[in-house]
Amino acid sequence: MTDPTPILRADKLSFSYNSEEPTLKDISFSLFSGESLGVLGPNGGGKSTLMKIIVGLLKADSGKLFFENKLSSDYKVYPFALFSYVPQNSELNTILPVKVNEYMDFARSLYKEHNSATDIDELLDLVGILHKKNSLISKLSGGEKQRVLLARALINRPKLLLLDEPTKGLDSNGQDQLLAIIEKIKTRDKTAVMIVDHNINQIIRNCHKILCLNRTYHWHDHRDLLTKNILEDVYHCEFEHLLIHENDLKNNTEQNGTDHHLFCDHDHSKEIDPHSLLRRKK
Amino acid sequence: MNFIHSLQDFIHYDFLLYALLGTLFLSITCGLISPLLIARKNAFMGSAISHSTLLGLAIAVSIFSSDSPLSIFATTLVITIFCTLFLAFSTYRQKLPTDSLIGIFYTATMAMGILIHSAFAKNKTDLLSFLFGNILLLTKEDLILSIGLLAITAPLIIIPFKKWLFLTYDEEGAITSGVNAKFYHYLFFILLSLLIVTSIKLAGTILIETLLLVPGFFALKFASNVRQTFIISVLFSTFFAILGILIANTYGLPSGATLAVVLFLALMLSLLLKTIYTWIRK
Chain B
1 MTDPTPILRA DKLSFSYNSE EPTLKDISFS LFSGESLGVL GPNGGGKSTL
51 MKIIVGLLKA DSGKLFFENK LSSDYKVYPF ALFSYVPQNS ELNTILPVKV
101 NEYMDFARSL YKEHNSATDI DELLDLVGIL HKKNSLISKL SGGEKQRVLL
151 ARALINRPKL LLLDEPTKGL DSNGQDQLLA IIEKIKTRDK TAVMIVDHNI
201 NQIIRNCHKI LCLNRTYHWH DHRDLLTKNI LEDVYHCEFE HLLIHENDLK
251 NNTEQNGTDH HLFCDHDHSK EIDPHSLLRR KK
Chain D
283 MNFIHSLQDF IHYDFLLYAL LGTLFLSITC GLISPLLIAR KNAFMGSAIS
333 HSTLLGLAIA VSIFSSDSPL SIFATTLVIT IFCTLFLAFS TYRQKLPTDS
383 LIGIFYTATM AMGILIHSAF AKNKTDLLSF LFGNILLLTK EDLILSIGLL
433 AITAPLIIIP FKKWLFLTYD EEGAITSGVN AKFYHYLFFI LLSLLIVTSI
483 KLAGTILIET LLLVPGFFAL KFASNVRQTF IISVLFSTFF AILGILIANT
533 YGLPSGATLA VVLFLALMLS LLLKTIYTWI RK
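From first to last, the protein sequence lines stand for chains B and D.
Under this note's numbering, think of the first position of the first sequence as 1, with each following residue one higher.
Under this note's numbering, think of the first position of the second sequence as 283, with each following residue one higher.
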């Protein structure tokens, strides 16, 4: 059962850089405890901008943002303690020789009064990077860096976790492992998770809800209601094979014995691996 | 022999003792700020601030006579902080490259300083002494100012040390964890202005850059973690600044220039030794 109060609710958010053509227009969605929202869309579609508005790095031109049903502007201080944000790892400054445990300690020092029990080793162990705690972050691989960033984001036990392209630069194994960790956190702490990513398959597989975003166009609903047409509208291109909701397919198979399903209206029975890949039409 | 006599001079003559102690306190402060200045990629900004002090100095010496050093100091400081705040405001979290603006500002303020000095204070003071410093001009008041500067700077760097590092290493992560980036941005530049204005007599508006950059650069090359970076920077800055002053006094050399060359040679020599050591180990 999910909490009836959304952790996050956006109501008609609009934003433009330097009063140019709007980057976001009337974006609305909600996210409940333990739910995950995947944000899909082409480059420049406003995904990262939306995330930056939510975490307070940018200010929306209009619209409202609610955290636990309270308007963000009604908080005395922006509710940073409620959420954690993981920007893309390319944003890290590589000049300082920062070790994993030092970086974790920077973040923990902010929450000491509120959460002295936060154990850095436990978090590093959770994301599978404990053996690297004394290593310089600059010497870690892309996947390891992402795990460190994720561990840092968990230090305040956030109710909402916002991840901007967490699988960027990782191979498919690395992506799977990272998403498995996120799934574990979501289940363990009932954390609501919002993920921006370019891997459509991964997002559809791992998120309950999908937000498709391309500047002024947006679609937001449960993943089972996502259709090929919606994706094609967002990306302005055609897809020839879509990974779909296994449940949908299962239902159809049970009902009429075919491998047809609603999502891509395609008979997958002749294919060896029917639901593993989504690709753009060549 | 000369060197031993020179050391004795520092005990016998008050003005030399002031010079030595003044150098000690200012070099500790420089050593503390230097790694942050480099890691925050503000080296050029430091250069702009140090050159803009010339405008403040020119105005101050035009208004006050040379026997009012505190009035000159206060006026220079106020004008420099005003210029710095303008630069800090113009460069806070800007996506556009800010180096061109800093470059324009840097030359313009210096040029204005030269014009004002030439029009109103040409016969009062020698501008060259401000450009390259003269440690022998350090008075008891200057010594008190350098102690005061360290007393202000050290707690403001050390107490929120982890916040400074978090902001420098992962700015967006720190901001969205609740660190007030704007406050620390302005605080850093105000501390830098205070340090530069107080150090004018030690190294001059041009040579102060050496004290601000070399210790941090050295430390970042050799340290294996963050704490070590700051400790090495302070030790390097203090040891070689004192050595520079002693050499300058022994051989009757200009203090600012000697100090700059000693720091530079120490850096080059250590880099050379490091290269040889790495080469031998291979």
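These are computed hints drawn from the structure, not numbers from a lab.
It is possible that some hints are incorrect.
What the hints assert, rightly or not - Once the Cα atoms are required to be at most 25 angstroms apart in a straight line, the calculated BS3-like pairs of lysine-lysine come out as:
(1) B:132 - D:445
(2) B:70 - B:25
(3) B:99 - D:422
(4) B:132 - D:464
(5) B:76 - B:12
(6) B:139 - D:464
(7) B:139 - D:445
(8) D:445 - B:99
(9) B:132 - B:186
(10) B:145 - B:70
(11) B:133 - B:76
(12) B:59 - D:464
(13) D:556 - B:52
(14) B:59 - B:99
(15) B:52 - B:64
(16) D:464 - B:76
(17) D:444 - B:99
(18) B:186 - B:133
(19) B:12 - B:25
All figures in this text were calculated on a predicted structure; none of them were measured in a lab.
For each hint, the structure was consulted:
1. Under the criterion of a C-alpha separation no larger than 25 angstroms, the hint pairing residue 132 of chain B with residue 445 of chain D is consistent with the structure, at around 23 angstroms.
2. Straight-line distance between C-alpha atoms of residue 70 of chain B and residue 25 of chain B comes to about 22 angstroms, which keeps the hinted pair within the 25 angstroms bound.
3. Taking the CA atoms of residue 99 of chain B and residue 422 of chain D, the gap is near 43 angstroms; set against the 25 angstroms cutoff, the hint is violated.
4. This hinted pair does not check out: residue 132 of chain B and residue 464 of chain D have alpha carbons roughly 33 angstroms apart, beyond 25 angstroms.
5. Using a Cα cut-off of 25 angstroms, the hinted pair residue 76 of chain B and residue 12 of chain B holds, with the two alpha carbons roughly 23 angstroms apart.
6. As the CA atoms of residue 139 of chain B and residue 464 of chain D are separated by approximately 30 angstroms, the hinted pair breaks the 25 angstroms bound.
7. Under the criterion of a C-alpha separation no larger than 25 angstroms, the hint pairing residue 139 of chain B with residue 445 of chain D is consistent with the structure, at around 23 angstroms.
8. With a C-alpha separation of about 15 angstroms, the suggested pair residue 445 of chain D and residue 99 of chain B falls inside the 25 angstroms cut-off, and the hint holds.
9. With a C-alpha separation of about 24 angstroms, the suggested pairing of residue 132 of chain B with residue 186 of chain B holds against the 25 angstroms cut-off.
10. Between residue 145 of chain B and residue 70 of chain B, the direct Cα distance comes to roughly 34 angstroms. Violation of the 25 angstroms bound is thereby established for this hinted pair.
11. For a cut-off of 25 angstroms, the pair hint linking residue 133 of chain B to residue 76 of chain B is broken: about 36 angstroms separates their Cα positions.
12. Between the alpha carbons of residue 59 of chain B and residue 464 of chain D the distance comes to roughly 15 angstroms, so the proposed pair stays at or under 25 angstroms and holds.
13. The suggested pairing of residue 556 of chain D with residue 52 of chain B is violated, with an alpha-carbon distance near 43 angstroms, which exceeds 25 angstroms.
14. For the suggested pair residue 59 of chain B and residue 99 of chain B, the alpha carbons sit about 33 angstroms apart, so the restraint of at most 25 angstroms is broken.
15. Taking the CA atoms of residue 52 of chain B and residue 64 of chain B, the gap is about 14 angstroms. The hint holds against a cut of 25 angstroms.
16. With a C-alpha separation of about 17 angstroms, the suggested pair residue 464 of chain D and residue 76 of chain B falls inside the 25 angstroms cut-off, and the hint holds.
17. At most 25 angstroms may separate the alpha-carbon atoms for a hinted pair to count; residue 444 of chain D and residue 99 of chain B meet this at roughly 13 angstroms.
18. The suggested pairing of residue 186 of chain B with residue 133 of chain B holds, with an alpha-carbon distance near 24 angstroms, which does not exceed 25 angstroms.
19. The straight-line distance between the Cα atoms of residue 12 of chain B and residue 25 of chain B is roughly 7 angstroms, inside the 25 angstroms bound, and the hint therefore holds.
Violated hints, in rising order: 3, 4, 6, 10, 11, 13 and 14; the structure is consistent with all others.
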